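In case you want the letters, here they are:
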Amino acid sequence: MTTRRLQQLHPPESAPVETGDGADIEIAATSPNRWEGHVQLDDGRTASFLAHRDGQQVHVWIAGESYVFTPPTPAARARRPGQPASGDIVSPVPGVVMTVLVAADEIVEAGQDLVIIESMKTEHLVKSPRDGTVERVLVQEGEQVERGVVLVVVVGIGEER
Amino acid sequence: MSVFSKVLVANRGEIAVRVLQTLQAMGIATAAVYADPDANAPHVALADEAFPLGGSTAEETYLDRRKIIELALRCGAEAVHPGYGFLAENPAFSKECAEAGLVFIGPSPETIELLGDKIRSKESAIQAGVPVVPSSPVWTPGESQPDDLSSQIGFPLLVKAAAGGGGRGMRIVERVQDLDAALESASREAASAFGDGRVFLERYIPAARHVEFQVLADSSGNTIHLLERECSVQRRYQKVIEETPSPALNDDLRDRMATSAVAMAMSAGYTNAGTVEFLVDAQTGEYYFLEMNARIQVEHPITEETLRLDMVEWQTRIAAGELITLCQEDIRPSGHAVECRIYAEDPYSNFAPATGRLLAWRPPSGMGIRLDSGVAEGQEVSAYYDSMLAKLVAWGPDRQSAIGRMQLALESFPVLGVTTNIPFLIRAIAHPYFRSGEYDTGFIAKYPELTAPPESNHLNLAAAEIAERIWQSAGPVSGSNVSGQAAQGPWRGLSKSTFP
Numbered sequence: 001m002t003t004r005r006l007q008q009l010h011p012p013e014s015a016p017v018e019t020g021d022g023a024d025i026e027i028a029a030t031s032p033n034r035w036e037g038h039v040q041l042d043d044g045r046t047a048s049f050l051a052h053r054d055g056q057q058v059h060v061w062i063a064g065e066s067y068v069f070t071p072p073t074p075a076a077r078a079r080r081p082g083q084p085a086s087g088d089i090v091s092p093v094p095g096v097v098m099t100v101l102v103a104a105d106e107i108v109e110a111g112q113d114l115v116i117i118e119s120m121k122t123e124h125l126v127k128s129p130r131d132g133t134v135e136r137v138l139v140q141e142g143e144q145v146e147r148g149v150v151l152v153v154v155v156g157i158g159e160e161r
Numbered sequence: 162m163s164v165f166s167k168v169l170v171a172n173r174g175e176i177a178v179r180v181l182q183t184l185q186a187m188g189i190a191t192a193a194v195y196a197d198p199d200a201n202a203p204h205v206a207l208a209d210e211a212f213p214l215g216g217s218t219a220e221e222t223y224l225d226r227r228k229i230i231e232l233a234l235r236c237g238a239e240a241v242h243p244g245y246g247f248l249a250e251n252p253a254f255s256k257e258c259a260e261a262g263l264v265f266i267g268p269s270p271e272t273i274e275l276l277g278d279k280i281r282s283k284e285s286a287i288q289a290g291v292p293v294v295p296s297s298p299v300w301t302p303g304e305s306q307p308d309d310l311s312s313q314i315g316f317p318l319l320v321k322a323a324a325g326g327g328g329r330g331m332r333i334v335e336r337v338q339d340l341d342a343a344l345e346s347a348s349r350e351a352a353s354a355f356g357d358g359r360v361f362l363e364r365y366i367p368a369a370r371h372v373e374f375q376v377l378a379d380s381s382g383n384t385i386h387l388l389e390r391e392c393s394v395q396r397r398y399q400k401v402i403e404e405t406p407s408p409a410l411n412d413d414l415r416d417r418m419a420t421s422a423v424a425m426a427m428s429a430g431y432t433n434a435g436t437v438e439f440l441v442d443a444q445t446g447e448y449y450f451l452e453m454n455a456r457i458q459v460e461h462p463i464t465e466e467t468l469r470l471d472m473v474e475w476q477t478r479i480a481a482g483e484l485i486t487l488c489q490e491d492i493r494p495s496g497h498a499v500e501c502r503i504y505a506e507d508p509y510s511n512f513a514p515a516t517g518r519l520l521a522w523r524p525p526s527g528m529g530i531r532l533d534s535g536v537a538e539g540q541e542v543s544a545y546y547d548s549m550l551a552k553l554v555a556w557g558p559d560r561q562s563a564i565g566r567m568q569l570a571l572e573s574f575p576v577l578g579v580t581t582n583i584p585f586l587i588r589a590i591a592h593p594y595f596r597s598g599e600y601d602t603g604f605i606a607k608y609p610e611l612t613a614p615p616e617s618n619h620l621n622l623a624a625a626e627i628a629e630r631i632w633q634s635a636g637p638v639s640g641s642n643v644s645g646q647a648a649q650g651p652w653r654g655l656s657k658s659t660f661p
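For the protein sequence lines, the chains are Z and B, in the order given. At position 69 of the first sequence (counting the first as 1) the number is 69 in the working numbering, and the numbers step up by one without a gap. At position 292 of the second sequence (counting the first as 1) the number is 453 in the working numbering, and the numbers step up by one without a gap.
Since the hints were derived computationally from the structure, they do not count as laboratory data. No experiment lies behind these values; they were computed from the predicted model shown. C-beta: ideal position from N, C-alpha, C; glycine also. Don't take every hint at face value.
Partial pick of chain B residues on the chain Z-facing surface, computed with a CB cut under 8 Å [stated by the list, open to error]:
no. : residue
1   : A343
2   : S346
3   : N511
4   : L520
5   : L577
6   : L620
7   : A623
8   : I627
9   : W632
To spell it out: a stretch of chain B is covered by chain Z in this simulated footprint if at least three of its residues, at any positions, have a beta carbon under 8 Å from a beta carbon of chain Z; those stretches are [as the list claims (entries may be wrong)]:
no. : region
10  : 349-363
11  : 546-552
12  : 582-595
Chain Z stretches covered by chain B per the calculated footprint, using a threshold of three residues with CB under 8 Å from any CB of chain B [what the hints assert, rightly or not]:
no. : region
13  : 39-50
14  : 122-134
15  : 149-155
Just chain Z, with the same shape it has in the complex (with noise of 0.2 Å):
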């Protein structure tokens, strides 16, 4: 068993990966960055794939289904795939804010609206997951976010950072 290096990113891992029995691989690479081959699957099937490396991160398309790898930040070392720190409101989308609804310091309820961020002309409501007090707030109105960017910190009533 190789040692893994990398991460799951996409699409977000339902449970930490488990050794399997073994497949058999073929793969070349066929242009720059650029790698396809064969997987022979512990259910006896042949999978073609297509893999591409980008940077820092290694796209996979395998049997419909398109992942992408990349190896975890220090801080995302310290906790479980895909769980992002607990109070850290993030943008669900790429676009960018069109309305900052809390402050610093105010208290949220569970459902709250807290940042109105449009990204391909649909408006995304992004809203409290708890009660709590918002302890920043990260972004301005007008900006521009990826998707993932922490938007807000909220702490939970009771919880510390």
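Knowing the structure of chain Z, use the given hints to seat chain B on it.
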């Protein structure tokens, strides 16, 4: 009267490519326009001439009426095809084209204005004897609020934008205490998307199906219908999968709805290609007029595949003053067609839009497979425009074979670099509820397994192992350093290796 010598296509993406292809096949010279991020887009390469609009946002490019008309005049175009979205249903643009001596390929400004006003179009439907859904008058939230409207409509209800479309400015409201917030949010979104913040309330019919009829009308008033399209697979009120014929209609219901569609088009004084959308109550079999779209519809290819005709060619001929030579009796469908919209979005994250560079884009091919695409490998998918990348269409002699071909095509369509909804489409197409043909607009919400992240299995294990091998062979350095011998890594001359 002959068709045009040159036409400017005022759009981008797959529909610009689609329109350009037909115009070129008709021997018409073509001109394209493009925003800065689209400089390398396929529609720019395809057109005989292409002109930059200068800028990135839709407002400063594909929505800039003055720039587009100036370019059309300067390049000697006789007509403008607006595609869908952007200026397609903007009566001012249609009017300004006419004033500049350009033919707008679509209906008249008066018709566009009538149909763009949901209230007036509804009145037009009522006059034509077409059944409609109960709704309120329009108003602008914050300025004035009519009393007690919601109690007449009842909950659940829909808040809709008066100028809306594509689900923008639309909200389902279950409880009276949520109404004010929904009104404000819908109005703000509508003002941003359409420059018109007016809204209205409409009864929400759960378990409904969306079925639309294509119509074609010429300037002499000849109006025919080109049968229906079933559009009930939707996410965020936007269509994702369409098929024709609709599994929901029997011959009697189909005939009644088709008659309504033609009556609606005639009542609106419609010319060119248009679509009459209906809501069908799956429980009662009743149908209601929703709206009439004064443009070519995204999902027009499934009609083309079953009727073997070219909608864009008919649009162009009708705009040039030609009469429809098809008779209603000639409209006999052959087989079944399905369309899947390929969106840049994350199906596991509530269909959030995705951006990035298309590292790989390898469309499938095969019997009965058609791809209407507006992107190419290497292209950047930005957040400036709509997230639809392409439409995959499968035709088969019957429903089962069309769906079977679609399934195979979706499973052999590698896309890397930009997250797409293809994994969701594969699940939806294979789902027993879809296969049964009895699905309604609640399909996606009803089956969470359609949008759940995949379980960790032998596939993601294999993918992880492939990624590890690539990473280790190339080293944790910038990808651009990987080439030649280094990229071959440990696999050079190696036919098979076993892992782990």
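Results for each hint:
{"no.": "1", "hint": "A343", "in the structure": "violated, 11 Å"}
{"no.": "2", "hint": "S346", "in the structure": "holds, 7 Å"}
{"no.": "3", "hint": "N511", "in the structure": "holds, 7 Å"}
{"no.": "4", "hint": "L520", "in the structure": "holds, 4 Å"}
{"no.": "5", "hint": "L577", "in the structure": "holds, 4 Å"}
{"no.": "6", "hint": "L620", "in the structure": "holds, 5 Å"}
{"no.": "7", "hint": "A623", "in the structure": "holds, 5 Å"}
{"no.": "8", "hint": "I627", "in the structure": "holds, 5 Å"}
{"no.": "9", "hint": "W632", "in the structure": "holds, 6 Å"}
{"no.": "10", "hint": "349-363", "in the structure": "holds (count 4)"}
{"no.": "11", "hint": "546-552", "in the structure": "holds (count 3)"}
{"no.": "12", "hint": "582-595", "in the structure": "holds (count 3)"}
{"no.": "13", "hint": "39-50", "in the structure": "holds (count 7)"}
{"no.": "14", "hint": "122-134", "in the structure": "holds (count 4)"}
{"no.": "15", "hint": "149-155", "in the structure": "violated (count 0)"}
When each numbered hint is compared with the structure, violations occur for hints 1, 15.
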